[in-house]
Amino acid sequence: MMLNNMLSLLRQELVLSVLIFLLLFIKLGKDRSQASLSVIVNIALLINLLAGLWNMGEGELFSGMFHTNATIVFEKSILNLAVLLISMQSYSWLKSHDQVIEFYLLLFTSLLGMQFMISSGNMLMFYLGLEMSTIPLAAAANFDLTNRRSSEAAMKLIISSAFASGILLMGISFIYGTTGTLLFDALPSKLTGNPLQMFAFILFISGFAFKISAVPFHLWTADVYEGAPVAVTSFLSVVSKGAVIFVFVSVLYKVFQPLSHAWYLIISVLSVATILVGNLFALRQDNLKRFLAFSSIAQVGFILIGILSGDHQGAVSVIYFILIYVFSNLAAFGVISLVSALTGKEQITDYKHFYKTNPLLAWVLTIALFSLAGVPPTAGFFGKFFLLTAGASKGNYLLIAVAALNMVISFFYYLKVVKAMFMDENETPIEKLEIPAVSKLALYICVAGIILVGLASVVYEHINSLSI
Amino acid sequence: MNLSLLVIFPLVTALAVLLSKGLKQVRGFALLGSLTQLGLAGWLLKSYQAERASGNLTTNLFESNTPWFTSPLINYHIGVDGIAIAMILLTSVVVVAGILVSWSMEKMSKEYFFLLVLLSMGAYGFFISLDLFTMFFFLEIAVIPKFLLIGVWGSGDKVKSAMKLALMLMGGSALVFVGLLGIYYNVHSFETAEVIRVGLTSGVQKFFFPFAFIGFGIFAAMFPFHTWVPDGHASAPTAASMFLAGISMKLGGYGCLRMVSLMPDAANYYSWIIIILATIAIIYGAFATMMQTDLKYINAYSSISHCGFVILGIGMMNKTSMNGAVIQMVSHGLMTALFFAAIGMIYSRTHTRMVAQLGGLLKAMPFISTVFVIAGLCSLGLPGFSGFVAEMTVFMGSWQNPDTMYRFATVLSGASIVVTAVYILRATGRAIMGPISDEHALLADATWNEKLASVLLIAAILVIGIAPFLMNQLIVPSTDILFEHIGKAITIK
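Chains as they are written, first to last, in the working numbering: chain A, 681 to 1148; chain U, 19 to 511.
Please keep in mind that the hints were generated in silico from the structure rather than gathered at the bench.
Quick caveat, the model's predicted, so the values are computed rather than measured.
Every residue, glycine too, gets a C-beta built ideally from N, C-alpha and C.
Hints may be right or wrong, so weigh each one.
Stated by the list, open to error - As a list, the in silico DSSO-like pairs of lysine-lysine whose alpha-carbon atoms are at most 30 Å apart: (1) U:Lys125 with A:Lys1036; (2) A:Lys1036 with U:Lys182; (3) A:Lys1112 with A:Lys1025; (4) U:Lys178 with A:Lys1036; (5) A:Lys1036 with A:Lys1112; (6) A:Lys1036 with A:Lys1096; (7) A:Lys1096 with U:Lys178; (8) U:Lys182 with A:Lys1096; (9) U:Lys125 with A:Lys1120; (10) U:Lys42 with A:Lys1112; (11) U:Lys39 with U:Lys125.
Claimed, not checked - Computed Cβ-Cβ distance ranges for the label pairs, DEER-style: (12) A:Ser688 with U:Ser65: 57 to 63 Å; (13) U:Val436 with A:Leu1085: 38 to 44 Å; (14) U:His503 with A:Lys1025: 57 to 63 Å; (15) A:Ile1131 with U:Gly452: 51 to 57 Å; (16) A:Gln1027 with U:Leu36: 28 to 34 Å; (17) A:Asn967 with U:Met19: 49 to 55 Å; (18) A:Ser1145 with U:Thr219: 30 to 36 Å; (19) A:Leu733 with U:Thr84: 24 to 30 Å; (20) A:Ser1145 with U:Lys469: 54 to 60 Å; (21) A:Asn967 with U:His369: 38 to 44 Å.
Put together the whole structure using the sequences plus the hints.
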């Protein structure tokens, strides 16, 4: 019975673990071509994704340490989908790389950590998952082995994560000290809001803010995003961020519900600051990866506004937005990753007149940027609309007005890239690129997602029907 | 009839354009699609009149309501009243004319026609929406094509103009969005009918009305948010200018009208501000036009002045003035599209739009010159053309308001017509009459497609100008219904 339970509830984690061991064995055996390896990995990821589609009910394992339900499975599937897309997109980059297996090993270990983190029912389990997801990423950030910036990025990532983890851990220990429990279920009734608990809570939120790079804890983001290989950058900005936000929502809504008056204020301030700073810095970037780093900071600000609502609708809009964010951001990163792998160019100025030579990639990037900017009919519009609608449910319309006007600022810098691609003249545009079929497929999936997830309300309604 | 066809046809046309190859196929599909659309609009008008004649007095006809999202509650709810049909007819006429005018667009023709069709789809969707979310959705769909159309195919300082236009319109829709959220959380519905039925308290209206009204006002070139108009119109390629002035600015006016009907208390409360802003726009627009030397700038600034009449008519808050506002929207849409078409034809031949460098064009291209003169005469409100009917109705309505300040505003606005006459006659005199320069003497007259586009627009202008009752029959019953609700708010005060 226990074994059956484990098999069904842990199915996503198990598929990943098996995959990790399989890769280890392949590594020990004789050398394989990168092409066949990619096929194996991508098929395994697809199986992993499909494993999430079939509903196996909810339950707990390891005396409450691990729990799962339809929502959590859905969240994990979003992450699995993102990793599958990233793996498909980095095909051209990995082709020229020697340590493909190690790269996948690191990525999957990190993903496994995230899945345990999302499923955690206990502060310790949560912390364990978080660390398991962060440390491999630092190694992965260093994967442009000959590039000094890549090592610098890895260094910055590991130091700032260690710092954030330290703060988080301190918060957790204070919480344990004042309540005597680490179980999520038992915590709410013991939270009274006394000063030490408030202090612990602030430490806790700061740790989270580091991980999702909310202002003022965002300083590491741009450098790490710029230095790391594109595949790792997209993993950091989509998967890693998404996973932490999923946990953030459930922890805030369930565990810290008694302190909701406190976190409402904290998060209002954080959200406005994050949107504003992210936008203002994004305005001045010329490196596309840095540009997307700051734009993703601004996006996190919008997510925080959705979180503000504190009810079912807020959680739904956040999960929905992350799904959309996966498609839009990965479409953007997909194009950048291709161009970067084939030509090494990453500046916005390099993309001048890009449309003339690569119309397909230019359209994909344009649609992705429009989705990030929240322009209909792309899904980004629906995502932002629902986030802000949820955020307005508490009646703080001025906050919403500030956020809505910030969308105009963000619109400016997204349009700047579109302008470069379509309108600026350039004597030496990026030449016509040969796109591998796998990467092309990944881009098509992203574009289909961007268009369908919004217009077809089924997806939203499905998330809405989950109990959160 | 099924109103969704009005959105589906442009979508199909856009896809056909994307899949076709070469200029000939592309423009063929675009024209076919827009003509079908014109036919649909005509059929819509016919079946609407038949329904009304058979005694159907519901506010909106041909309604259909499909649930879209459940929480927040969003329905794809469509339906039309007379005002919406007037706007749809305007859109379909301008779209056909715009596509005919860009018949020989060689540069990236596929993308060009695709964006034009997409823009028209946004407008159709906007006019048939009865749900505020859908309305907002289509409003924003119409923004992006403008940015690309101006930025890629424009002339002059095109990128800056495109950016300015896109950002200001996005700012407008951000404000509209806040207004909509306010309405939603007080009524728990995005349905316009539901908002009117439940009603918003006066305090709520006063807080959210400025957001929504200014938001739509930016689209309608309301002073002081009109600055995107001159640059945007001047830089845009001909068809895009026609679409901008003929369709896009009408989205704003129509939106303002709907917002007034949703929040009549606040509209009544703020009406003096609206009137002042509209009057400034009318006077300032007219005088600014006097100073322009570029034909496109002349028409763009005069658009600010003419759109001021729309806002004035709405702000005066009575039946006649609102009728006038609607007629002015249609009339200005047609007239300004004709004007831009004529300017585009002149520019494509002479390669200059500077009045000083033109002259005596009547000798070389009699047809285009005549079109230009007709557009000018309509613009200055000559009886027999639609401009006269529209402005006359607005003034008749405004004068009904006995308040001194309102009367003063009416008189001032009326006086602007003299200024209009000055700049129109001056531009016409210099560019069309007089001696012709040698290099312009041999230029060819309009081609068949340009003639067709002009004739279509002129015919529409004349129909409204000579038989205004046709227009009145269409819109007056609907403004009556609209005003029933607004009127209550005024009497309460």
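Hints and how they fare:
As the CA atoms of Lys125 (chain U) and Lys1036 (chain A) are separated by approximately 12 Å, the hinted pair is consistent with the 30 Å bound. Only pairs whose Cα atoms come within 30 Å are accepted, and Lys1036 (chain A) paired with Lys182 (chain U) is accepted, the gap being roughly 24 Å. Straight-line distance between C-alpha atoms of Lys1112 (chain A) and Lys1025 (chain A) comes to about 13 Å, which keeps the hinted pair within the 30 Å bound. As the CA atoms of Lys178 (chain U) and Lys1036 (chain A) are separated by approximately 21 Å, the hinted pair is consistent with the 30 Å bound.
Of the supplied pair hints, the one linking Lys1036 (chain A) and Lys1112 (chain A) holds, its CA atoms being roughly 9 Å apart against a limit of 30 Å. The straight-line distance between the Cα atoms of Lys1036 (chain A) and Lys1096 (chain A) is roughly 17 Å, inside the 30 Å bound, and the hint therefore holds. At roughly 11 Å between alpha-carbon atoms, Lys1096 (chain A) and Lys178 (chain U) fall within 30 Å of each other, so this suggested pair holds. Among the hinted pairs, Lys182 (chain U) with Lys1096 (chain A) is consistent with the structure: their alpha-carbon atoms are about 12 Å apart, no more than 30 Å.
Note on Lys125 (chain U) and Lys1120 (chain A): the hinted pairing holds, with a Cα-Cα distance of about 27 Å set against a maximum of 30 Å. Between Lys42 (chain U) and Lys1112 (chain A) the CA atoms are separated by roughly 27 Å; this keeps the pair inside 30 Å, and the hint holds. Our distance criterion of 30 Å between C-alpha atoms is met by Lys39 (chain U) and Lys125 (chain U), whose separation comes to about 13 Å. Here the CB-CB span from Ser688 (chain A) to Ser65 (chain U) is close to 58 Å, well matched to the stated 57 to 63 Å.
Between Val436 (chain U) and Leu1085 (chain A) the beta carbon distance is about 40 Å. The supplied range of 38 to 44 Å therefore holds. One distance hint, 57 to 63 Å for the beta-carbon pair His503 (chain U) and Lys1025 (chain A), holds here, with the actual separation near 59 Å. The hint said 51 to 57 Å for the Cβ distance between Ile1131 (chain A) and Gly452 (chain U), and at roughly 55 Å that hint holds. Restraint check, Gln1027 (chain A) to Leu36 (chain U): a C-beta distance of roughly 30 Å satisfies the suggested window 28 to 34 Å.
Separation of Asn967 (chain A) from Met19 (chain U) is about 53 Å and conforms to the stated range, judged on CB atoms against 49 to 55 Å. Here the CB-CB span from Ser1145 (chain A) to Thr219 (chain U) is close to 34 Å, well matched to the stated 30 to 36 Å. The beta-carbon spacing between Leu733 (chain A) and Thr84 (chain U), approximately 27 Å, falls within the hinted interval of 24 to 30 Å. Evaluation of the 54 to 60 Å hint for Ser1145 (chain A) and Lys469 (chain U) yields a pass: the beta carbon distance comes to about 58 Å.
At about 41 Å, the CB distance of Asn967 (chain A) to His369 (chain U) agrees with the hint of 38 to 44 Å.
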